[in-house]
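Number of protein chains: 2
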Amino acid sequence: MNKNRQRTFIENVQPLVDNGLYPIKREPGDKVHVTADIFRDGHQKICAWVEYRVAGRQKWNYVRMECTNPGLDFWEAEFEVDQIGFYEYCLASYCDDYATWVFDTRKKVDAGVDYHSDILEGIELASKFKGWLKDSDKDYLKKALAQAEKQLTDAALWQILSDPKLEALLSANPDPATRVESPLYKVRVDRVKARFAAWYECFPRNCAFEPGKHGTFKDVIKRLPHIAGMGFDVLYFTPIHPVGHTKRKGPNNSLVCSETDPGCPYSVGNEHGGHDAVNPELGTMEDFEELVKAAAGYGIELAMDFAINCSPDHPYLKQHPDWFSKRPDGTIKFAENPPKKYEDIYPLNFECEKYKEIWDEMLRLFLFWAEKGVRIFRIDNPHTKPFRFWQWVIAETQKKYPDVIFLAEAFTRPKLMKSLAKLGFTMSYSYFTWRNEKQELTDYFKELTTPPESDFYRANLFTNTPDIFPYFLQTGGRAGYQIRAVLATTLSTVYGMFQGFELCEGIPIPGREEYLNSDKYEIRYRDWNAPGNIVEMIAKLNRIRKENPALQEYDNLEFYRADNDKILFYGKSMGDNHIMVVVNLDPFQTQVSTVYVPIEKFGIAPDQFYEVHDLLTDNRYW
Amino acid sequence: MNKNRQRTFIENVQPLVDNGLYPIKREPGDKVHVTADIFRDGHQKICAWVEYRVAGRQKWNYVRMECTNPGLDFWEAEFEVDQIGFYEYCLASYCDDYATWVFDTRKKVDAGVDYHSDILEGIELASKFKGWLKDSDKDYLKKALAQAEKQLTDAALWQILSDPKLEALLSANPDPATRVESPLYKVRVDRVKARFAAWYECFPRNCAFEPGKHGTFKDVIKRLPHIAGMGFDVLYFTPIHPVGHTKRKGPNNSLVCSETDPGCPYSVGNEHGGHDAVNPELGTMEDFEELVKAAAGYGIELAMDFAINCSPDHPYLKQHPDWFSKRPDGTIKFAENPPKKYEDIYPLNFECEKYKEIWDEMLRLFLFWAEKGVRIFRIDNPHTKPFRFWQWVIAETQKKYPDVIFLAEAFTRPKLMKSLAKLGFTMSYSYFTWRNEKQELTDYFKELTTPPESDFYRANLFTNTPDIFPYFLQTGGRAGYQIRAVLATTLSTVYGMFQGFELCEGIPIPGREEYLNSDKYEIRYRDWNAPGNIVEMIAKLNRIRKENPALQEYDNLEFYRADNDKILFYGKSMGDNHIMVVVNLDPFQTQVSTVYVPIEKFGIAPDQFYEVHDLLTDNRYW
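As given, the protein sequences belong to chains A and B, one line each in that order.
The first sequence finishes on residue 622 if you use the numbering used here, and the numbering steps up by one all the way, no holes.
The second sequence finishes on residue 1244 if you use the numbering used here, and the numbering steps up by one all the way, no holes.
FYI, nobody ran anything at the bench for these hints, they're computed from the structure.
Please note that a few of the clues may not be correct.
Unchecked claim - For each label pair, taking beta carbons as the anchor points, the in silico distance ranges come out as:
{"no.": "1", "chain 1": "A", "residue 1": "329", "chain 2": "B", "residue 2": "764", "range": "19 to 29 Å"}
{"no.": "2", "chain 1": "A", "residue 1": "147", "chain 2": "B", "residue 2": "978", "range": "47 to 57 Å"}
{"no.": "3", "chain 1": "A", "residue 1": "620", "chain 2": "B", "residue 2": "665", "range": "51 to 61 Å"}
{"no.": "4", "chain 1": "B", "residue 1": "758", "chain 2": "A", "residue 2": "354", "range": "49 to 59 Å"}
{"no.": "5", "chain 1": "B", "residue 1": "653", "chain 2": "A", "residue 2": "354", "range": "42 to 52 Å"}
Glycine residues also receive a C-beta, built at the ideal position from the N, C-alpha and C atoms.
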């Protein structure tokens, strides 16, 4: 439109991420609740719509906005998303000239003053609508106007012109010349698993049923009933590719390595292939595909680790020496964090001239594995590669496989973690692993579950990882594991644990948050029924999550009052499903606290009895 | 740049108004303190600048940003504005490759590991800079490299390459190919009077020195010493144009009007002319120009009322009948707020086909009066005209007269008032007139003086206006006037009062916030020395404002603690100048309260004695 003629203004649109630069995120079945300040000069009426569609489709859908706070010019509307992929939407406002005319004229009619001239104006105004109404509506209008022509009194004409059906029709089809629209905004819709999932992380090579033996995909298949029994629905494998030989690391990351040491799977590639191959010790590609299918039978989806680390033996080094950084003497550079050297890893040089070849190859790998049935990728250290690369490769992968989920394993500064989420990562690691106290848990989870953050950042809470053995678990004993299990399963909807957590096991490297004899560097065997395990509790927590819709929503977390600083009290509601969680954050002793149940939020009157059902013990209280 | 190669990101730039859609506002001497989140993937160093210039000038100025919170990737810089008009600025970030090299290599040097290859890389990297350094810098670099060539040991080479002067030079001139820049943002710089001024509003026709006589510009000249004596520096006139005859309103807005009634000056235009003429009863245009000069001699600037209301006798009606709305019968429409009729006012139709003619004519009027020496316009009811018109006419006027100040007299919904300020109004009326209680004053002034609002909205606090005689003044007696005078002069830096306030005068229309016998409709005479006046107090308040820099800053307002809900305690600081204001909001009785002086903000130790100087009574306390 001619900007000079613009009368309505649309401001402060919500929800937006960085003013619409990045999409907001939703899952099928979600509502996108759009709000904005919309106004014009003067007192004339205006109207507004949210216009949305599945990106790329022709058909637009319209939902009329409602001014729910006229004093603040605050408008609202919502629409539902059900397709995976992108939606786009904009806001459009118009002058509602006919409603203005009816409103103003009614005041004269009611006041009993002469309104003959207004009637003539009303007819003129209504007639203008013939210029843009669609045929069926035009017919309706024409009939009304023809009927009006036969009337003799202003009162009779007023009856026809103020007919609510006519007013509604013309108000629904305002003058297109008055249209003002917002920029086009985007919604990224990921499947529900992006929001609600329980991850179990393991090294498949450490799944054998015999101490000292290299586990295989077939062993993992045998472990599936146990994993499914605990209620997990994502099985996340550390890298399964051939492991480098040169400078291979021994147990506990030692530089010395024996013939039989399996190496670190994050050093990818040897004579058997690179990122599109499987380690023959784990089995064949067919074994892997069989495992994918078997897992699906248990309702378990496989997640693959994607670590852009090449061992000195990776085929790329010979095929594409240009992809790597070289020293002035022509040799290829290994990874360094001066003065530390990582001689078993050669990083791809994303700054090289042929960087686009690297991008294309990475895309090929994602599509290759997606084709094999892997639709969840956990990306190792994405914050050390160019962010624009991730933005591109995620978008390109999802163009072909819209259901692919990318988890950003970035444990770094908050702005970088958020940026990766904005640029396309479906979900992200978080600082949960190091938040133990009431205040810090409350602050952090309020931030995570409140816009703008909840609109683009889905925090996948890991209790532990092969690299992180938190002090809280090191010192808190079995109760410590139980505390962290409850927090992880209820503070977010998506969480993960690394194998062994359920056994409350682990010996730390003294003074460090790391495991001694880490799975990363050696073959390990575990007794999955070792005494003291919390397998049953985890199974129960996962069952409770599945049975209670309130625990399947991400942004409905609320913190309630508990007097004791060691007692964290929070809850989630979804319709009639109200979950309250009370956690003793102190693993060493019983803590007592008054907790203040927010009965008003649950629609319970102050004098009303209500039942509380303890889902862990199955006790019921009045 | 090629977006694929982008490594740094600039986010969350502050201060911005609507994400940079509208300029922030400042006055000469102000600092623009720019902050942003700037980061890149990986661990390499980056650098950033704020680049700014007076809009339209060729020369850019650069100020390097500093990362003041590395954990949050938070960067800051500031620049000063001293020219009236627009500044533009952007943020630019780069990869700081040489600083990265020095940092990484230093770690190896310090750890005593071999760094020969790094030295070779450093030389190669430094050489690259020859590609973009300016000649004098290039010479410096070449000399350093030539010196390096003569060295035999890595240690000697390291000395040359890590020379802080060389590092600073190359860090100040990073690879232009890595440049990432923000959008261009704008600062509107208005003269200091936009922020700091004391307005006195009057009807010049009511300035005669004899009851019943129509005042003149010459009378106003005689009143100047009194007005200047009270400390006012802006004298704001309600419209001074010829007043319409047809349907002229009588006293108290009555429809009946006698021969001698002067009419309402907001009904502009008669046979003597329209908006570019002066009412002959006030004097000639020469008289007016003389008044402008005489006022300047007292340090007083004239502000003119700009009311786009045409009387039925305005020349426009004959010259430009197309500019008005017509009824179906061809007659021109007067103003209505159904069922109310305003038959003495014909509104211009900004929706007419020739609307651009109206725009041009309005611009002509602003330029006409600016030429006559009027550089402050108070715009009557801007919220009932198209906002895009204001945006245009303000911008066009300020192109020719950058010092022109526009005050938006919009008492309407907050979003409209804010929008007008964003679109170009220099300052705005506010809800101050109706904020009397401690909590509402605190809330409202926190909002006004905090970003984003303080970046675009300058609230001109009016104690009263010809249209508004607040209940607080109606009922509060002399103390009520004193309370409002103290609040107006200290809560904001710019405020106004309508003549008669200083006399604590006024008879209300019962049950309404309006004056009986309003100056708007009749000739009125006042005894400017009437007993009970607060002239001296106002003079003292204005003197205190001029003597204390803290009271000349808008956004330095802070509220402090006072136990009594009727006692408002706040303050302003600027350098060593600390002003505390304690106001009893209760006009009816003495109130007692403990107030908590924030000595830590004033740099006073808890055990230190300090003096408080009561600027109203000149008492001093220890």
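Structure-based check of all given hints:
{"no.": "1", "hint": "329(A) - 764(B): 19 to 29 Å", "verdict": "holds, 25 Å"}
{"no.": "2", "hint": "147(A) - 978(B): 47 to 57 Å", "verdict": "violated, 39 Å"}
{"no.": "3", "hint": "620(A) - 665(B): 51 to 61 Å", "verdict": "holds, 55 Å"}
{"no.": "4", "hint": "758(B) - 354(A): 49 to 59 Å", "verdict": "violated, 36 Å"}
{"no.": "5", "hint": "653(B) - 354(A): 42 to 52 Å", "verdict": "holds, 47 Å"}
When the structure is compared with the earlier hints, violations turn up for hints 2 and 4 and for no others.
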